[in-house]
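Read left to right, the sequence shown gives residues 1 to 140 (our numbering).
By construction, these hints were calculated from the structure, which means they are not laboratory data. Be careful, since some hints might not be right.
When the alpha-carbon atoms are kept at most 25 Å apart in a straight line, the in silico DSS-like pairs for lysine-lysine are as follows [unchecked claim]: (1) LYS137 with LYS33; (2) LYS129 with LYS9; (3) LYS137 with LYS9; (4) LYS5 with LYS137.
Restraint-style ranges between C-beta atoms, simulated for each label pair [to be verified]: (5) LEU80 with PRO18: 18 to 28 Å; (6) LEU7 with ILE96: 32 to 42 Å; (7) PHE136 with ILE70: 36 to 46 Å; (8) LEU59 with HIS130: 32 to 42 Å; (9) ASN40 with ILE96: 12 to 22 Å; (10) PRO18 with LEU111: 35 to 45 Å; (11) GLN140 with GLY120: 22 to 32 Å; (12) MET38 with GLN140: 30 to 40 Å; (13) LYS9 with GLN46: 44 to 54 Å; (14) LEU109 with GLN140: 21 to 31 Å; (15) MET138 with ILE35: 26 to 36 Å; (16) GLN46 with PRO66: 13 to 23 Å; (17) ALA25 with LEU89: 12 to 22 Å.
All residues carry an ideal CB built from backbone N, CA and C; glycine is no exception.
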Amino acid sequence: METIKTLNKWANAHTYIPLDLVRIALGVFLFFKGINFMGNTEMLMQLFEPIQSMAGGMLVVHYVAPAHFIGGILIAFGLLTRWAIIAQLPILIGAIAINFAGDMNVSNLYLAIATLLICGFFLLYGSGKHSLDYYFKMQQ
């Protein structure tokens with residue numbers, strides 16, 4: 001817990017609007033990806049064909065769309081950012097793994113790697129000064 005407090009203090013002292021815009025863009029991207037998966041479940045099922053025979057395959061399909069949808073909203077507003085990103089990590093690692101298990105789609109692989117790296121950054125950095133987390137913390 002002390003490590004998170006130290007990271008929050010450092011991030012709040014070194015916060016910049018472009019970083020907040022990147023966080024908001026990440027949240028909006030994940031939100032629209034969740035909407036895309038909800039509206040096009042056939043495409044989502046095709047993505048999961050390499051792991052369809054594994055146990056819990058249907059559970060994974062029902063986890064991805066809501067996690068992107070809700071996590072994207074939380075990340076964009078900067079509310080519970082680290083928790084929302086932790087929920088995204090298994091999906092992003094799975095997106096990278098699916099490219100190696102099934103048909104390789106280089107553009108999807110690059111997109112998943114870039115999103116994973118940005119999520120990793122905000123997992124350490126936090127939501128920043130221009131977020132609901134910071135606002136609610138200052139209201140205490």
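- [ ] Tell me, in ascending order, the numbers of any earlier hints that this structure violates.
- [x] Violated hints: 1, 6, 7, 10, 14; rest satisfied.
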